[in-house]
Every structure is written in C-alpha cells, then in structure tokens.
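Listed in order, the protein sequences are those of chains Y and H. Be aware that the first sequence starts at 1, since it is given in my numbering, and climbs by one per residue. Be aware that the second sequence starts at 1, since it is given in my numbering, and climbs by one per residue.
Since the hints were derived computationally from the structure, they do not count as laboratory data. Take the hints with a grain of salt, since some may be wrong.
[Unchecked claim] If you want the footprint, here are the derived chain Y segments under chain H, 3+ residues with CB under 8 Å:
{"id": "1", "stretch": "11-18"}
{"id": "2", "stretch": "49-61"}
[What the hints assert, rightly or not] If you want the ones that stay clear, here's a sample from chain H, every Cβ over 12 Å from chain Y, calculated:
{"id": "3", "residue": "R26"}
{"id": "4", "residue": "A54"}
{"id": "5", "residue": "V259"}
{"id": "6", "residue": "E386"}
{"id": "7", "residue": "R455"}
For every residue, glycine included, the Cβ atom is placed at its ideal position computed from N, Cα and C.
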Amino acid sequence: MSGERTKLDPFRDIIGLDLPPDRLEELVAQYADILAAIARLRELDLTEVHPAVVFRPLQNAEEGA
Amino acid sequence: MSGSPLYCTLAELAPDIRAGRLSPVRLVEEALERIRLHDGALKSIVHVSDSALAAARQAEEDIAAGDWRGPLHGIPIILKDNYLTADMPTRAGTEAQELEFPYLDSGVAVRLREAGAVLLAKARMHEFGWGTATPPARNPWDLDRTPGGSSGGSAAAVAAGFCIAATGTDTGGSIRIPASLCGLVGLKPTFGRVSRAGTVPHSWSLDHAGPITRSAADAAALLDVLAVHDPADPGSADVPAPDCSAALDRPVRGLRLGVIRNYFFEEIQPDVGAAVEEAIGDLACLGMSVTEVEVPNLGYGLGAIFAIELASSAAYHDRSITEGRTREFQPDVRALVEIGRMVTGPDYIKAEQFRRVLMRDFARILEEVDVIVTPTTPLTAWRVGEIMVEVGSRPESALAASWRLTYPFNLTGLPAVSLPCGFDRLGLPIGLQIAGRPFEEALVLRVAHAYETSRDWRERRAPV
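Modelling step: build the complete structure from the supplied sequences, incorporating the hints.
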C-alpha cells in the first residue's frame, strides 16, 4: 500500500540514500555479521572509561580544518 | 655482492653506491627491466615513473661530486598508490573516473626524495585500502596465491626484486599481512611516528604509514629518514626520533620477551604455530627471557575496529556516496562504504572507549616485558579466489582470519613489525610479529634484527 512504511525504511533513513529495496536488503544482510561483532562490544560496561579520542580546543584550533 | 643487486639490502648496496662501484642508473635500469619482464604475471605495478632514470642520473652525479646523502641515495623505491606524488598519478586503487587526486608529493615522498631515493613506480592496492587480497596482484612465491593486502602490490614488488624497498599503509594489518605472506619485513610504526600527510585516508585514527623491506636493518634505515614530525598531519607526534640503525647491533641478552598465549595462538595453522614456537626458542637462545602473559578483552576488538573503520571510511567518502560516485567503486568496497552509515554514534564512541581499555591492558603487559611476539597471520598465503580457508580446527573466511592478529596493534597504535620466521610445508613464507611500547621502534627492530641474523630465511628468494 502506498505510503506504508516497511521494515527496511528505518535503515533507509539511517543510510540517507534512496536505495531500491533489494539493494537495501543486501546491505542490511551484510551488516548483520558486522553488527554481531559490534553487539559483543556492546556487552562491555565502559561507563567510567573516557574515549581514546580527546578534544583539545587549542591544539585543534591551531591545526585548523 | 653476488647475483642481482636488486635482491641486496641497503647495508650491502650503500657502500658500493657511495664508492662509485655500483651505478644508480644501472640499478634503476635493471629494476625497470625486471618490471617489464615479470610484472605481466605479477600485476603489482600500476604506474612506472617517467622521471626515475633522470633522478637516478642526478643521484649518480651528486654522489660522484661527493654529495652522498645517506643509504637511500640512488636507491629505487616503489610507493603504494595511495601516496600522492608530484610526478606520477595517484588512484588509491580506484577506477572511479570522477575522483581525482592532486599531483603533489606526500610527506613520505618528500622525505624519500630529500634522502636521494629514486621513486620508481606506484604499486597496486585494493581500492581505498579495503580488503586484504589486492586483486589482481599475485604472490611471487606462488602465482596462484594472493600477496595479501592492502599493500599487496608493494610487497609483491619487493619480493620480486623490482625495487629495494616499498611503502605501504596499515589500517588493520595492510603492511604486515603482505610482508608476512611474501616473506618480507613490514613495519607499522607507532601511530604518529611517520607522516600521513598526502596519503589518501582510509580511517584517520587507524591509518599508519611505513616501509616494506627485505631486512629489519633496511626498515630501520627507512624509518630513520621518515620519522619526522609533520604539522601537515594532525596525527603526527612531535617526539624525538632515535637512530634506529645505530641501535640495531646492541645485544638483546637480558631483554624480556612476552608471549600472549590467549587469542594470538588460538586457531592458527599448525605450520605457523610450529615456526613461531621455534622463533621464540631462538630468541630465548639469544639470551632473552620468555614470559607467558595474557591480555584480556582482545575478543571485543573486532567490533571496535569495524565500528571505527566503517564509520571513518563512510565519512571520508560522504560526498562520493551522496553524489553517486560510489557506483563506480568495486561492489564490495561500495557496500562497505555505504553500510558505514549504519554504525551508530554510541557504537563508534564505545569503540573509542574500548581502545583505551586495550591500550591500558597492553601498557600493563609492557611493564612486565619489553616486547611481545605473536604470529603475524594465522595462515600462509591463500589461493586467489579462495573465500573460506582451514585455520586451526575450523573453516574461516580468509579475510577475517588474515587481519585477526594484526588489528589489535592498530587499535592500540603500538609499533609492530612482521619478519620471516620460516616456511610452511608448501614452501610459503610465515611471519613473526614483534610489537613494543609506543615509540620504541628502535627496540622492536633491534629484536627483529637479532632474530633475523640468527637465521637464514632472508637468503631464500621467491621464484619470480
């Protein structure tokens, strides 16, 4: 039915590309293996750990874009 | 010196070049001839420089006039095709016609030219550094097999005697994997040690630039030239660079060797395991103490490197994605770049948090030991087109297996070198990986050099 959202639409929104359904399905399937590895990472409690990337205003301003 | 000088090391060549006994012009001519004769089968080169012979003549004149600039002067070196060069096109492995890269020298190219090296050619790589197989390049040890990747063309070219050394880049193992599979030395320096200015990015916080050579001493000589702070690379570290070459011959007796038994020795081919165990025994015979250690949390690394690499690559190619240029990418690379947009913000940040955990884990270990040894890859070179391989007790994707033991050192940024430690029952090279504390490349290379000179693996040549 026209205008009805499918289960793939959230992925289309995230990817930001108007891909045909079969192409999108292919990408989602391929991402499943990667997501399984990322899901394992999600198991870790890293609440108290600062990310390795550190924002340094002075240094970043000097480096510019 | 016997045989072709193109199979010699810098330490063997430099005195003869300096003394005028070996002509850089003849060396470059011989390299060009070998490329002409053999690269049809090897497919390791994507562009040969029109100005290499002129550079060799200039080097010869300068050396004759007494202006010898050091061990790289007059030496033919090949660059991976993601290093920008002023006199050669750069494609970063892509055939996407709408993408153009400037004719400028990368930081590494600048340093090599200043040292008098002759930049001979650009080496084939997998598109934008994705993947570890580098099609269609072949392995000089067996033309039916892959040289690894993504710096596969660079390693194949050195192993085939097309040049004395080559450059590679390493985001998850792309210098060390092809070095291991092609029987060479591949050095991934500490993150920030060598400038990436003017290299086409793949993943900014994981990308490293470094050399692929025939010996640890040659890797040290190249690092001595390349290890310079470069403000043009925001990741470049302003730390003093030691004289790695001068430190090579210091004894290794008394140094502490760490063997991480968990993760790095699980699921590896038996021949690989046996060769690495023998190498550990050899290092013990050289007077190093051996300690078995454990690094927790390594099993979480795959999710972390996927999140960072995919998200970074998707960000770098953002304009190409939205403007439709990714249609010209290889299908697998296009898919990876597009699914990078599916990595969530929290997953990316969590990966960066995990890196700090892993860095702390390794820092603790590296208080107890001076260097760590592991296999470089759990398998030797696999057949071109082979998707699944037998590694240890189970079948595994060749691509997944190939970087399993190298990417922890991209997440941590620690220096790591791969060097030959034997051959499997098919005669294919096996790599030993030695890693150390941040910016201690001199120590890592010293241990590599001590092991290398205790064995004769380097004497064997690929049949091409």
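Consistency of the hints with the structure:
no.	hint	result
1	11-18	holds (count 5)
2	49-61	holds (count 5)
3	R26	holds, 45 Å
4	A54	holds, 36 Å
5	V259	holds, 25 Å
6	E386	holds, 19 Å
7	R455	holds, 37 Å
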